[in-house]
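J.: Here's the letter readout for the chains.
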Amino acid sequence: MKALVAVKRVIDYNVKIRVKADKTGVETANVKMSMNPFDEIAVEEALRLREAGIVSEIIVVSLGVAQCQETIRTALAMGADRGILVETNAELQPLAVAKLLKAVILQENPEIVIIGKQAIDDDCNQTGQMLSALLGWPQATFASKIKISDGHAEVTREVDGGLETVAIKLPAVITTDLRLNEPRYASLPNIMKAKKKPIAPTTPEALGVDVTPRLVVLKVEEPAKRQGGHKVGSVAELVDKLKTEARVI
Amino acid sequence: MSALVVAEHDNAALKPATLNAVAAATKIAGQDVDILVAGKGCRAVAEVVAKIAGVRKVLLADDAAYDHGLAENVAPLVVKLAESHSHLLAPATTSGKNFMPRVAALLDVMQISDISAVVSPDTFVRPIYAGNALQTVQSKDPIKVITVRGTAFPPGDATGGSAAIETVASTGPAGLSEFLRAELSKSERPELTSARIIISGGRGMQSGDNFHLLEKVADILGAAVGASRAAVDAGFVPNDYQVGQTGKIVAPELYIAVGISGAIQHLAGMKDSKVIVAINKDEEAPIFQIADYGLVGDLFKILPELEAELERSQ
Chain A
1 MKALVAVKRV
11 IDYNVKIRVK
21 ADKTGVETAN
31 VKMSMNPFDE
41 IAVEEALRLR
51 EAGIVSEIIV
61 VSLGVAQCQE
71 TIRTALAMGA
81 DRGILVETNA
91 ELQPLAVAKL
101 LKAVILQENP
111 EIVIIGKQAI
121 DDDCNQTGQM
131 LSALLGWPQA
141 TFASKIKISD
151 GHAEVTREVD
161 GGLETVAIKL
171 PAVITTDLRL
181 NEPRYASLPN
191 IMKAKKKPIA
201 PTTPEALGVD
211 VTPRLVVLKV
221 EEPAKRQGGH
231 KVGSVAELVD
241 KLKTEARVI
Chain B
1 MSALVVAEHD
11 NAALKPATLN
21 AVAAATKIAG
31 QDVDILVAGK
41 GCRAVAEVVA
51 KIAGVRKVLL
61 ADDAAYDHGL
71 AENVAPLVVK
81 LAESHSHLLA
91 PATTSGKNFM
101 PRVAALLDVM
111 QISDISAVVS
121 PDTFVRPIYA
131 GNALQTVQSK
141 DPIKVITVRG
151 TAFPPGDATG
161 GSAAIETVAS
171 TGPAGLSEFL
181 RAELSKSERP
191 ELTSARIIIS
201 GGRGMQSGDN
211 FHLLEKVADI
221 LGAAVGASRA
231 AVDAGFVPND
241 YQVGQTGKIV
251 APELYIAVGI
261 SGAIQHLAGM
271 KDSKVIVAIN
281 KDEEAPIFQI
291 ADYGLVGDLF
301 KILPELEAEL
311 ERSQ
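Chains as they are written, first to last, in the numbering used here: chain A, 1 to 249; chain B, 1 to 314.
Hints were generated in silico from the structure; no laboratory data involved.
For glycine and all other residues, C-beta sits at the position ideal for the given N, C-alpha and C.
Among these hints, one or two may not hold up.
[As the list claims (entries may be wrong)] Computed spacing ranges between beta-carbons, pair by pair:
#1 B:E188 / A:T212: 50 to 58 Å
#2 B:E188 / A:S149: 35 to 43 Å
#3 A:A236 / B:T167: 55 to 63 Å
#4 A:G162 / B:S313: 31 to 39 Å
#5 B:G160 / A:R247: 51 to 59 Å
#6 A:T24 / B:E284: 28 to 36 Å
#7 A:E154 / B:L184: 17 to 25 Å
[Unchecked claim] Listed below are the simulated DMTMM-like cross-link pairs for lysine to aspartate or glutamate, each with C-alpha atoms no more than 25 Å apart in a straight line:
#8 A:K241 / B:E284
#9 A:K145 / B:D67
#10 A:K16 / B:E284
#11 B:K301 / B:D219
#12 A:K219 / A:E27
#13 B:K281 / A:D240
#14 B:K27 / B:E83
#15 A:K219 / A:D123
#16 B:K281 / B:E309
#17 A:K196 / A:E70
#18 A:K20 / A:D121
#19 A:K145 / B:D233
#20 B:K274 / A:D123
#21 B:K274 / B:E309
#22 A:K225 / A:D12
#23 A:K16 / B:D282
#24 A:K241 / B:D282
#25 B:K281 / A:E237
#26 A:K32 / A:D121
#27 B:K140 / A:D22
#28 A:K243 / B:E309
#29 B:K216 / B:D233
#30 B:K57 / B:E83
#31 B:K40 / B:D63
#32 B:K140 / A:D122
#33 A:K147 / B:E178
#34 B:K140 / A:E91
#35 A:K145 / A:E51
#36 A:K243 / B:E253
#37 A:K225 / B:E284
#38 A:K231 / B:E83
#39 B:K274 / A:E154
#40 A:K219 / A:D122
Next up, chain B with everything else stripped away, as it sits in the complex (with noise of 0.2 Å):
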């Protein structure tokens, strides 16, 4: 037995999430761990890899094919290093859940998506209805092909391991689809995903302008700016800010809910924070039913309370 993490990046640093895939990786095949880097001159990823805690070999799979990830590219590529290995796993986010599939369906296998807690080398457990179930799966497949709820599994160290690097073949352009252009958001502030703290605003803040009275906050506390589906369908902030069901899934130590009524699909994108606080003018609103400290009010006179209070007491 042994498991084959594929690691997310960007040819320059390694994605944070690729640690809490390694820390579920491990829980299921022990020391027998592989990480594949692949990608467009990342040999600079493939060395931090290396250092990861636990890891047994690195697969550097370098090639101009792989440079932004494609699924069609990359699936065949992790198909053939099945071969070699009994799972198959990657972070549950955008990039995981794009490729993973397609590896999947090409094994003939079911992925187990999104898995928060390993039972057994086949048997896991995955939140389904927007985390309101927790279901226990057992495969019956003979690779089982996984995508991992980063927050459910404490990253592992990322430092202390000193794993050899081995090249692996290009499986080649499949010739079906082409990148054209990225538009990332640019921010000083940390990754949701991978934020101690996040301040999140939804409906209530009224206008994207009013985002900045957040902005302050998240400044002072050195948190990510989050929002809810509400607020990004409303053009306030753009789409990777959004937590919940469909978004990203958080777990910071302190989630600030602002102006956000609590939606169980945003609920379930949050609700495994280890403290929650919610700011909102309505009392009756079901946020405060989760939230560790609510503050009812008008979030206009208590954000820069806020502010205040928190400079002072610095």
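Chain A extracted, bound-state conformation (with noise of 0.2 Å):
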């Protein structure tokens, strides 16, 4: 079976980011970018499908501005087996990738789709969710292990009280959590070979969505800075602290 999996660009988890002083975002200009880990963990587990003799091709899709080709060049890297750019310059929020994403599952009939959970810059646990209900599929979102067999999927998910156990008719979305595997890193002959795998372009007028924000963001603030950074040299004088200054205990 086919499985696609979607890579956001983002900014890289290690940096810390920047508010605008203009209040209209966050600085993205010189900053290392990235895909989403939560991506990279989708790549690897599709990666992992395969090598188990269950998926026979890999498709990952990425959208947004044209260096997006890099997010998808280093799943490729990893291994995936050809790309798909919708190339847009506009602001896409989840429900406009979900549509994107329909419309590209329509015309290559995957029967597994993989998306991280969430994306670490916008953090809102959407996309997957979506596509799954534009498609009339089931979703298990959350992801810490997946285990396929006879047009089903059996996937735990990581949920507030434990571990939950659903099975799901294929087609389905999982979108992955932090403990489904630990992805792997490109090895050069790989990255080498990556650049030679081939990179399909469209749009999102080339698909027919309407990919107008609905959400307008009116602005972008710093949160209040905490004043933190106070010592104490005991126990004594911690436990004496927090029940006669801070009065917590």
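Hints given; two lone chains; assemble the complex.
T.: Okay, here's the thing in structure tokens:
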């Protein structure tokens, strides 16, 4: 079966972000960009399913500016087979991304779609769920274990109380949580090979999707700074301060 | 304008996060707040919900299809009830995060995720980049689908109301998914997201066994026990202990971080705590920059001392 993985280009998780002085957003110029960490886990899971003989081909899709091609190349270097770039300079919100992915999926007919549970930039945690709703497919979010057999997936999910296991019919959308796997690093030969793998370009217009944002960002601000940094010298002093100064115990 | 809050529960008891979502709904729709209780054999929950102050009406959907809150089954029900509501809200828990975007997509609207403030009925504040920036967004959609960050909205009164309970018809099973089993952590200690005091351990704890040092302190303080991602990834404790950007968001009165360096992803989950204590042997650890009280030293020496000192002073 074919697997489709969507990957998002985000500010690298190690970068301390800066809010723009005019409050229109977050500074992205000259900032290191990487693949959303949850999407790396999605790519890795697809690779493992291919290695297990369950998946035959892995298609990687990214949506956004031309540089998203680099994010696709990263996935191809990890081992994915080919890429699709939905190129646009427009702001893409999760509903629009889900509609674009749906359009791509109707052309490609994958049986399993794996994507990160959330992007670490907007922290929305929506796209996978929206995509499965638009397709009328089942969803298994926050996956920490995936077992595929006979047109079904048995997925263990990380939930607030612990773990939950569901069975879903394929085709389905699965979103990844942190403990699903540890993504591999691309080897140098594979990075070289990835340069020759095809990336098909398309656009929201070609896919017939209106991507007009539904949420208007009025402003982006820095949160109030926490005043910390005080040290205490001993356990006795700590307990005393918590009792008499902070009055929390 | 009226709001519908989807209650979170396990068919027996209401989850406290529902009260935070009701508080947010009240800020939007005032007295016109209804609550949906969908589950199997969950009338007892509906009766509890009916007593929440300020609730206008309780909608009870009691059907096997809603037993485990499967998103494929719950979403069509919420979509149906959206006809008579301008705002749909759920707590931003793993449950709300699971079915609400499905609801939004079926209604062809954007979800407004994890709101931390209500500016007006169509404008909300939400944290982005692990809480390192706050975004104010205005929704252009006719129906607002919202998940609520519990720590940002103090819970309303759980009693004082006497709303009527109205039964709503089931939309039935979608036939796409099936619940198989749950392995839920059992603990006598308070739940992380509603605990008044939390003590969390990180990589510095070195093993799962060493968490008993934290548990002893937790039991004296009546605290919940949490962990950083590093401690969960290392297998010291289960996933439901994780506090952080993609784990649980907490804001207790007292948060004690032990052997946690303070990666931004962890800070994202706890930096709104009222008082933060950090115990770490590395005095350069970033956690100290946001801690109200930092104690530099070996946690294996400090924790038994802390336990003894707390016992002595109780």
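J.: Run every hint past the structure and note whether it holds.
T.: Hints and how they fare:
no. : hint                        : result
1   : B:E188 / A:T212: 50 to 58 Å : holds, 51 Å
2   : B:E188 / A:S149: 35 to 43 Å : holds, 38 Å
3   : A:A236 / B:T167: 55 to 63 Å : holds, 59 Å
4   : A:G162 / B:S313: 31 to 39 Å : holds, 35 Å
5   : B:G160 / A:R247: 51 to 59 Å : violated, 28 Å
6   : A:T24 / B:E284: 28 to 36 Å  : holds, 34 Å
7   : A:E154 / B:L184: 17 to 25 Å : holds, 18 Å
8   : A:K241 / B:E284             : holds, 22 Å
9   : A:K145 / B:D67              : holds, 23 Å
10  : A:K16 / B:E284              : holds, 17 Å
11  : B:K301 / B:D219             : holds, 18 Å
12  : A:K219 / A:E27              : holds, 13 Å
13  : B:K281 / A:D240             : holds, 21 Å
14  : B:K27 / B:E83               : holds, 21 Å
15  : A:K219 / A:D123             : holds, 16 Å
16  : B:K281 / B:E309             : holds, 20 Å
17  : A:K196 / A:E70              : holds, 13 Å
18  : A:K20 / A:D121              : holds, 15 Å
19  : A:K145 / B:D233             : holds, 14 Å
20  : B:K274 / A:D123             : holds, 24 Å
21  : B:K274 / B:E309             : holds, 22 Å
22  : A:K225 / A:D12              : holds, 22 Å
23  : A:K16 / B:D282              : holds, 21 Å
24  : A:K241 / B:D282             : holds, 22 Å
25  : B:K281 / A:E237             : holds, 17 Å
26  : A:K32 / A:D121              : holds, 13 Å
27  : B:K140 / A:D22              : holds, 23 Å
28  : A:K243 / B:E309             : holds, 12 Å
29  : B:K216 / B:D233             : holds, 23 Å
30  : B:K57 / B:E83               : holds, 16 Å
31  : B:K40 / B:D63               : holds, 5 Å
32  : B:K140 / A:D122             : holds, 18 Å
33  : A:K147 / B:E178             : holds, 14 Å
34  : B:K140 / A:E91              : holds, 15 Å
35  : A:K145 / A:E51              : holds, 16 Å
36  : A:K243 / B:E253             : holds, 13 Å
37  : A:K225 / B:E284             : holds, 19 Å
38  : A:K231 / B:E83              : violated, 55 Å
39  : B:K274 / A:E154             : violated, 41 Å
40  : A:K219 / A:D122             : holds, 14 Å
Hints 5, 38, 39, counting from the list given before, are not met by this structure.
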